[in-house]
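4 protein chains.
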Amino acid sequence: MCGVKIVTIGGGSSYTPELVEGFIKRYDKLPVRELWLVDIPEGKEKLEIVGELAKRMVEAAGLPMKIFMTLDRREALKDADFVTTQLRVGLLEARIKDERIPLSYGFLGQETNGAGGLFKGLRTIPVILDICKDMDELCKDAWLINFTNPVGMVMEAINRYSNRKKAVGLCNLPIGMHKAIAEILERPMEEVNVTFAGLNHMVFVTGVYMDGSNVMDQVLDKWGNQTVKNITGIEWDSRFLKALGVIPCSYHRYYFMGKEYLEEALENYEHNGTRAEKVKKIEDELFELYRDANLKIKPKQLEQRGGAFYSDAACNLICSIYNDTRDIQVVNTVNHGVISELEYEEVGELGCVITKNGPMPITSGKLPKAVHGLIQQIKSFEVAACEAAVSGDYDKALLAMMINPMVGSQRYAIEMLDELMEAHKEYLPQFCR
Amino acid sequence: MCGVKIVTIGGGSSYTPELVEGFIKRYDKLPVRELWLVDIPEGKEKLEIVGELAKRMVEAAGLPMKIFMTLDRREALKDADFVTTQLRVGLLEARIKDERIPLSYGFLGQETNGAGGLFKGLRTIPVILDICKDMDELCKDAWLINFTNPVGMVMEAINRYSNRKKAVGLCNLPIGMHKAIAEILERPMEEVNVTFAGLNHMVFVTGVYMDGSNVMDQVLDKWGNQTVKNITGIEWDSRFLKALGVIPCSYHRYYFMGKEYLEEALENYEHNGTRAEKVKKIEDELFELYRDANLKIKPKQLEQRGGAFYSDAACNLICSIYNDTRDIQVVNTVNHGVISELEYEEVGELGCVITKNGPMPITSGKLPKAVHGLIQQIKSFEVAACEAAVSGDYDKALLAMMINPMVGSQRYAIEMLDELMEAHKEYLPQFCR
Amino acid sequence: MCGVKIVTIGGGSSYTPELVEGFIKRYDKLPVRELWLVDIPEGKEKLEIVGELAKRMVEAAGLPMKIFMTLDRREALKDADFVTTQLRVGLLEARIKDERIPLSYGFLGQETNGAGGLFKGLRTIPVILDICKDMDELCKDAWLINFTNPVGMVMEAINRYSNRKKAVGLCNLPIGMHKAIAEILERPMEEVNVTFAGLNHMVFVTGVYMDGSNVMDQVLDKWGNQTVKNITGIEWDSRFLKALGVIPCSYHRYYFMGKEYLEEALENYEHNGTRAEKVKKIEDELFELYRDANLKIKPKQLEQRGGAFYSDAACNLICSIYNDTRDIQVVNTVNHGVISELEYEEVGELGCVITKNGPMPITSGKLPKAVHGLIQQIKSFEVAACEAAVSGDYDKALLAMMINPMVGSQRYAIEMLDELMEAHKEYLPQFCR
Amino acid sequence: MCGVKIVTIGGGSSYTPELVEGFIKRYDKLPVRELWLVDIPEGKEKLEIVGELAKRMVEAAGLPMKIFMTLDRREALKDADFVTTQLRVGLLEARIKDERIPLSYGFLGQETNGAGGLFKGLRTIPVILDICKDMDELCKDAWLINFTNPVGMVMEAINRYSNRKKAVGLCNLPIGMHKAIAEILERPMEEVNVTFAGLNHMVFVTGVYMDGSNVMDQVLDKWGNQTVKNITGIEWDSRFLKALGVIPCSYHRYYFMGKEYLEEALENYEHNGTRAEKVKKIEDELFELYRDANLKIKPKQLEQRGGAFYSDAACNLICSIYNDTRDIQVVNTVNHGVISELEYEEVGELGCVITKNGPMPITSGKLPKAVHGLIQQIKSFEVAACEAAVSGDYDKALLAMMINPMVGSQRYAIEMLDELMEAHKEYLPQFCR
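If you read the protein sequences in the order shown, they are chains D, G, C and Z.
According to numbering that gives the first Met the number 0, the first sequence is numbered sequentially starting from 0.
According to numbering that gives the first Met the number 0, the second sequence is numbered sequentially starting from 0.
According to numbering that gives the first Met the number 0, the third sequence is numbered sequentially starting from 0.
According to numbering that gives the first Met the number 0, the fourth sequence is numbered sequentially starting from 0.
Isolated chain D, as found in the complex (with noise of 0.2 Å):
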């Protein structure tokens, strides 16, 4: 059949109209035949307000291209081309718990590498494993792109517990930084090359090219409060930067401005809701937009919501992988001896040539000495947050807890662990054996 079949898991994300809009910009290179947004029953509704929207935007269009909405997941995948996930298992009130209950005890929840993060982990690794097995009777040669956080421990998963090799990881930060770098050198992206190395929200830039030499020193001097939507900008110190000799992205400042972090994240929680209750909140008002019948369009507000670039990073890759282009693109993928501070068959987040047959990992220099630490604890973070996640063993939950940089205390690391195992105890059902 001609054209390509693409299933967006968590369909009715009120990211969907940014995907949308992507496959409409690209439908010459990227003939998107169908389109399904797949959801869960409790998903039911904004799935639909989702999708009539989308169908608006390709009819808008003029284009070919079929929307359809689901609950039957197996159905959607039936001889897929592309599977992209963006689930959020527990939904934005299981964000709220994993950022407000590690604070109640005084630390960062950060709903990627904190605490909050590893129960974003143990929710959602299940699920993900489980659409790889679906995948593999349904639509085997068919590539998983998933977006869903944390990248680098789902990548880790599915490398680690599942069959699947077509799976790639995609996060948006590195082609944000990418922006941000062309833009500190007022030149157009393509003619600055930017090297990444490190771990998803754990990625550095390791070189900066231009005119055929290396302006990472120019680009150190003037970086200070780059950063996403997600997390505000305390400035980094340029000595520092210069000592480290990498730019680290906006995650970093989690680790090296952790106190700075938590008396802002305590701050919030007190008065003016974390980042979890701000993202419901701006999620409700797109709801709101999306129902707009006479809406044809992505809205200019899907912009505060913290993912911007995240349909030309995803539209791009499906692209290239359709075309075999072997372009350079930065994806979660085993780094295959690039990220030497990695063991071989591991997942790092790096520049990659994408091909059809898919990424292949470009080479970026050493990372420096004084980071190796901290990009091996959060491996071993994953590591055990997957093994957790997978066997249910409650002594591996603490462990990841326990070796988690965010945390750094026995007595709240078990405290906070028994507090978020009972608040989510309805989606971590292999703990419950």
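Rather than coming from a laboratory, the hints here were simulated on the basis of the structure.
There may be inaccurate statements among the hints.
Any copy will do: because identical chains look the same in the list, a pair fits if it lies in one copy or spans two.
List time: in silico BS3-like cross-link candidates among lysine-lysine, alpha-carbon distance up to 25 Å [unchecked claim]: (1) 241 <-> 258; (2) 355 <-> 221; (3) 164 <-> 424; (4) 365 <-> 132; (5) 96 <-> 258; (6) 277 <-> 132; (7) 295 <-> 279; (8) 43 <-> 54; (9) 295 <-> 424; (10) 241 <-> 54; (11) 258 <-> 54; (12) 77 <-> 54; (13) 132 <-> 165; (14) 241 <-> 164; (15) 241 <-> 424; (16) 221 <-> 277; (17) 424 <-> 258; (18) 164 <-> 368; (19) 355 <-> 365; (20) 295 <-> 139; (21) 165 <-> 280; (22) 221 <-> 295; (23) 28 <-> 221; (24) 277 <-> 299; (25) 77 <-> 279; (26) 24 <-> 355; (27) 277 <-> 241.
Model the placement of chains G, C and Z on the given structure of chain D, informed by the hints.
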């Protein structure tokens, strides 16, 4: 010339009677002909008190061991066979600052691996490297046995920035853990084979063997509140220990129970005085005792000082090198592939066969993935600290402070760095250039 | 100044018309303003013949490309953008000795990785390192594109003993293998994605991808007698290839079929002349053709010379660096973790993204364990040869000879070494000190 | 039950009196209660001759050691403490084929690391793996001490394909090298500390220490024609040894002087008989002696057999495990990072502290780069041979043959493989499926 010449730099330390007792006990195997106690002018009074006590101890033992006291280090080093270093640049006053200044910002100073440890390293490393140079000139075949903290950082500095291969770092922690394990198993130490791997004050027991079987699980069950004099014993959670799979040392509490120890330290900071202040009090009392011309043995009270087994550790090591006994002891030396988480030429704390040619590391199995990050983080902290100490580069010192796992704040890293730099400037000439 | 200045050292080579043709074909993308052909006094006659032909070719093409011929290397290098090296120290006469002397003892000389190759390296490396020094002074931002054999050894020498980072080694073998594989699969080259890893003349195809699948097995089945002009094609046994799991290059026959090739070479040695002697005959005929003032294009006969695709390989590489095209080409460069059998900073032959800043290696998966030894052996041979070439240390040269897998005899290693040393002494001044 | 039960599989070997003598000498430290000599029906006669001699030896020594002779391996293994294996599948007749068939094609058979060694491995590995299974069932805490060649390959097979961790491989070569070095230095062995690293029959001395200094250079100067009984001593060139920087073992001559040894072996093949044939003659004479009812001690002539120090090596090892002596011996065991050229879990031959829990490898420094290739090549040969032995896959066996550094011919690899496969088919049931 017959017999052994030993030089102890920082000879006026309250620990010296431990050493003297050790040499007396082992005289038949290790015939010490001359023991030179060296100190700096500020330590002259203590040197004389300790030196006189040492003379009385030797005399009481009826041995022909000569005790020399001198402020002239180079005179003492001439033709030495072993040089031990137990110096403290800036005396206990400096340690008090190392602990109190970080606490005033809400951080653990921790005189070995924390912010305080960084400054102890910055003050100490140049002095130790000078001693190495003197040794190369005056007693090139002698062995340097370093007890000076931070032992790991100091040994890494010797390894990277001196020509001295004949240098070993020593800590009493492993021997204490071995003793505690043997007690748990109700066996004499020599019947329990314990393997160690890690860094100084960051060492793990990786295996416990008795009667030809690995009995690690029995020990993990009963480990719990084993600790050393310097650290109070909050109990380890046995579920965590089992998931970890190795036995942590007392100092690991600063990482895995950092919040708990910070609370305790802040309490002491405000009410009871920090560890350094307590130590100062104990030391004053000890020197009162040492002055007593009737005292001819090591006084029992020395044990409270926290250096239990130092004498055994040090004298055993010297004795084994001298006699080429090829027994196993735990020391700080270049790991040569035995700790696969470190670079081949980096210093670790690990079990070694002790030969006349120095320590030869023994394998002890892989450390669990869960601690790779911590090991790397402390090693890269040590390396950054060494670079800062040798270069006098402020940015490198800031880097070291920023990557220290007990800090985690850019704002306070800078503030603490600046205040500590000012407080210790007398001992940090390399940063004033 | 507008346009590109290219300098070709060894410009009087019979290969030059290949290069000139390549530059002409790509003039729109790579506007060569000046092409400087440099040679030594002994090569003056050939330089003029080739240079005149080049001029006629450019004129016939109607392009404003200036051809310069000079014996003054430093004059030529001034402000160059690219420097290509295709020199042959001692000319073909030296190659004849490299081949005949080992054969007289019953060993393959093999001008790249055998005993002959060792001496080609010993003669060539000092000259190349001199060129690097000149470039650092006269055209420090220029790229050195080295075709001179033994490419692997020469690149390792540049990597270890020069300051030049902007240097790439090039061989036509991978492009030939890619073409052969595409033919087997009956597809255009660009539709077949082929990954390479190894060393120069010791490279393996590690993956063949078509339409998103690995089709290695199809190729292994039909590989067999693919080879290059320099080597006759004894067929590979397909059972061996399948067990090996990667595709060997033609030169691997010297190791896996050493006895067969030795027999053939001995036969040629006694009756038909060695490869060097044949090449000399071809070259003489080529220069006869080149002299013809009516010849204005590259003559067909050049293809027999063995350098098929050199022009494509070289001009494509220069063109991609110049235009920052970021396409994938196979070159010799520092592997940076991509070939895990090599040290991080050692040179390998591998697929790279070609940028204005040079090649960035792409991962290609692990080489099979069965070839690790061979790779290591050749790399250590290269390294020992480099050390000998730079130091002029006889023992190091003997070591290189002894560890060469084509030798395997102490007695003959010494005898060959001595006879080759004597035969080439004019070009080995470093060994006469 | 008091005392030790030892089982010797291949008990009818001519080496057995060595072992018995060793047990008698060490009876006070290693009280052998029962020694079970096990053999197969074809070896029954020899078993009885040797067994009776053993009984006479024990009786003459006045010790309560019981000797049992049996063809029932499982009966013997029941509750054993140590099991030694010195078996030879196919007896010396098979070894004669292993040597003669390759020689008939012009290749060294070399019963450990050559084409012959491959077949010895293919015959032996399944038998040893069976013994491991029996031990798991009948005496799971017993130690397997394997002398059976090719020791490296057999140990790698146990490591990869059995559950047995309590297994050590042993060779008399290192102890012989240690003795020879001590003689060169004119000192008792215990005063000379020698470090070893490598593989079985591919081991190097990496350091020689005396009186606290490295005296390697003195030894390299005088090494030269040290060898073992099995190999004649062509002298090493001292310039090569100095450039190499480590001391090779006798078997290295097969690689570095392969041509010389091939010539010698071909000469013997045609005129004097191969080593196997000589050994057979010696063995026949030995058994003549053993039959003599008056013989009550190990006869002097046994020393010509080539197994000098086997008794010392084996009995010392058993004695040290039994008594947890923690002295250093050179054995074949998993290297655990000590030989950085091997994978962490691969078997090497290296110095170990011998404990009740088995050998713990000691670091011995990096092997020189010049030998990495050879080590890798032999290790990958061993691994391919193990895979072939376990799977019965012809292609894997061909791969092993092809990558063996003594072969280097595709045509003859196939021909030799086929002829050897046919010649030994009785002992290679796994290839007949």
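Quiz item: Which of the numbered hints above does this structure break?
Solution: 3, 4, 6, 9, 10, 11, 16, 17, 20, 21, 22, 23, 25, 27
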